[in-house]
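I would like the entire structure built from these sequences, with the hints used as guidance.
Sequences listed follow chains R and P, in order.
Be aware that the first sequence starts at 1, since it is given in my numbering, and climbs by one per residue.
Be aware that the second sequence starts at 1, since it is given in my numbering, and climbs by one per residue.
For lysine-lysine, the following DSS-like pairs were computed, each having C-alpha atoms within a straight-line distance of at most 25 angstroms:
no. : chain 1 : residue 1 : chain 2 : residue 2
1   : R       : 280       : P       : 94
2   : P       : 107       : R       : 284
3   : P       : 181       : P       : 167
4   : R       : 276       : P       : 94
5   : P       : 354       : P       : 211
6   : P       : 267       : P       : 279
7   : P       : 354       : P       : 279
8   : R       : 284       : P       : 94
9   : P       : 269       : P       : 354
10  : R       : 216       : R       : 48
11  : P       : 130       : P       : 94
12  : R       : 284       : P       : 130
13  : P       : 109       : P       : 181
14  : P       : 109       : P       : 185
15  : R       : 276       : P       : 130
16  : P       : 256       : P       : 354
17  : P       : 130       : R       : 280
18  : P       : 3         : P       : 181
19  : P       : 107       : P       : 94
20  : P       : 211       : P       : 3
What the simulated footprint calls covered on chain R by chain P, stretch by stretch (three residues with Cβ under 8 angstroms from a Cβ of chain P suffice, anywhere in the stretch; the number is not a length):
no. : region
21  : 173-181
22  : 187-199
Think of the hints as simulated: they come from the structure by calculation, not from any bench.
A quick note: this is a predicted structure, and the numbers were derived from the prediction, not measured.
All C-beta atoms in this analysis are idealised placements derived from N, C-alpha and C, irrespective of residue type, glycine included.
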Amino acid sequence: MFLAPAAAILAIALLYPIGYMIYASFLDWNPSQRIGEADWVGMRNYLKLLNDAAFWESTWVTVRFASIVVTLEMIFGVGLAMILDRNLRGMSILRTIFILPMMIAPIVVGLMWRYMYHPQVGIFNRTLKSLGFDTIPFLSESNWAFASVIIADIWQWTPFIFILSLAALQSLPQSAIEASRIDGASGWQQVLYIKLPLMLPVLIVTVLLRLIDAFKVLEVILVMTNGGPGLSTEVLALRISRTASEFRELGEAAAMSNALLFLLMLLTVIMFGYTKLQEKRAAKLRQAAQEEI
Amino acid sequence: MPKIELTNLQKSYGAVSVIDGLNLTMEDGEFTVLVGPSGCGKSTTLRMIAGLETVTGGEIRIGGRDVTHLEPKERDLALVFQDYALYPHMNVAKNMSFALRLARYDKSKINSRVNEVAEMLGLTEYLNRKPAELSGGQRQRVAMGRALVRDASTFLFDEPLSNLDAKLRAQMRAELALMSKRIQKNMVYVTHDQVEAMTLGDRIVVMKSGKIMQVGTPEELYRSPANLFVAGFIGSPTMNFLDGELFEENGRLFAKGNGFALPLPDKRKAELATHTGRKIIIGLRPGNFFMGNGENALELPIILSEYIGAQSVLMSELGGQTITIEVSSEAPIPSGAPMEFLIEEEGIHLFDSKTEEAL
Ligand SMILES: Nc1ncnc2c1ncn2[C@@H]1O[C@H](COP(=O)(O)OP(=O)(O)OP(=O)(O)O)[C@@H](O)[C@H]1O
Ligand SMILES: [Mg+2]
Chain R
1 MFLAPAAAIL AIALLYPIGY MIYASFLDWN PSQRIGEADW VGMRNYLKLL NDAAFWESTW
61 VTVRFASIVV TLEMIFGVGL AMILDRNLRG MSILRTIFIL PMMIAPIVVG LMWRYMYHPQ
121 VGIFNRTLKS LGFDTIPFLS ESNWAFASVI IADIWQWTPF IFILSLAALQ SLPQSAIEAS
181 RIDGASGWQQ VLYIKLPLML PVLIVTVLLR LIDAFKVLEV ILVMTNGGPG LSTEVLALRI
241 SRTASEFREL GEAAAMSNAL LFLLMLLTVI MFGYTKLQEK RAAKLRQAAQ EEI
Chain P
1 MPKIELTNLQ KSYGAVSVID GLNLTMEDGE FTVLVGPSGC GKSTTLRMIA GLETVTGGEI
61 RIGGRDVTHL EPKERDLALV FQDYALYPHM NVAKNMSFAL RLARYDKSKI NSRVNEVAEM
121 LGLTEYLNRK PAELSGGQRQ RVAMGRALVR DASTFLFDEP LSNLDAKLRA QMRAELALMS
181 KRIQKNMVYV THDQVEAMTL GDRIVVMKSG KIMQVGTPEE LYRSPANLFV AGFIGSPTMN
241 FLDGELFEEN GRLFAKGNGF ALPLPDKRKA ELATHTGRKI IIGLRPGNFF MGNGENALEL
301 PIILSEYIGA QSVLMSELGG QTITIEVSSE APIPSGAPME FLIEEEGIHL FDSKTEEAL
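Here is the structure:
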């Protein structure tokens, strides 16, 4: 009863922009028009997307980028948390240093890395040259450019996973870990059989948050490569922003956003559905075993 | 089944000393019980033996091997935690078999071990439940089961029965006593329940504020407590303590209190001679009173009478203090009228009122 007004406000606040976007995706609308002046074109924007090779390329780049980045960040972030989860002197300073990258504005991160990757004056190529190696076309060759933006993203976002994992680790029931030591578990076995399974709920949410974010990545790549060379690093968000501002196709951009939104929702549903399914299956197994007895 | 030796064992948290120079040897196949009031350091001692707590000073040897700084898994022991410490994400069967699975036992062997122990603990129907779906007492039994399925040479128990109802507790106590006879392993058992301590222990270690007050068999502790603390801690109902002094009359030694005098056996005369005339504390076991009359009988008022079957617990007054008396009785004893009691000699304990040591 008391929830009703709050729920209504929340629903409007959430749904209005989305409704607006969905409406816009059925229009042929350019930025100089007001929304009322735009022509209704039905599904045309979506049909166009379906046949737009560049859109599919962007989607593919985004999916690859997000999955690689999130996988590596999870491995590094959780690993780091495991290593730094001890009460040594100076550990809190170390932890603070580790989360610094996350606090820097994405634009700045992009600029910083672009400078470091610079073919002549960048620190990487200068170092390579001084050691007598060939320089590397970090941002000017497709594969290298893709790898370079991945590295920058890992640098920036591993701390996020590190922080959440560390918090999860430190709130684990200590006595269960002690029990596993008594039961003869080695350090690795403690991680594998006790710590990771107990952290799983937090890790799932972390992955989801990171995936959603990685699918929408924009600024760092915009500044570093602006999607190039070719379309090799043109992620969806970048494509959307270019469609809107460069090609002046607001309707098409809205349709793309909706596609991205749909993709993310699908991802969330699959993820939660999967955990629900796991729980159900476990419950069913339990029940079956109970009936056997 | 190794012997466990603690030598000058110490533990402090920062400046706070919790265990203060413990020396203790637990023999092969012995059931040792650590008792003491809450916060006296029983769990800490046990956890140091287990290797979960770092040792501040001293040494722990198991079977002659110095294990002071070894990991728990190198000590070959099983521990039942005071707070259960079950694995929340595993069901009961998985919880109990974790150690065996780590040690790569045969599947069939694991199953038969788990089933056997589950049977003994009445857990068979819960094997597929997660800890969150169990009651406190059931969790406690799982914690117990997890230790018992193992083949460890030493078993450590930290108040493993504290959350069970009276009937289940008595049943588990009997199970444990039987098991300890059967498997002849070293067992160290922590409790603050002196009945558990008395019924289970081959040897009892009474602790207070991180120090050992007395070590002995249940009988030794009951019959000759070394100090006031042990005397008050062991035995139920608790011993009565009365202020008094030693004095000699006509060649006989008496423990004299406010308005009464208890004759002491002549054989104790020599050892007590130096204390004559000094202030002492007289300890009287409630169970050593019996009804009867004679020259030394005390006439005591019956303030309250509780009939509990074969026994009656009486509240009375002696030397201006309330005392408890326990006598066997076929019928309830009426309160009100005073009655005459005699006290068995062995029920009279004397303590120095300054040092609180037994005389
Ligand atoms: N981490 C800690 N830091 C500081 N003091 C501690 C710590 N752990 C325990 N202590 C102190 O050590 C003392 C002994 O604790 P311990 O847990 O061994 O008591 P116990 O005899 O097992 O009591 P109980 O019967 O209540 O379980 C207590 O006074 C407690 O306050
Ligand atoms: Mg304790």
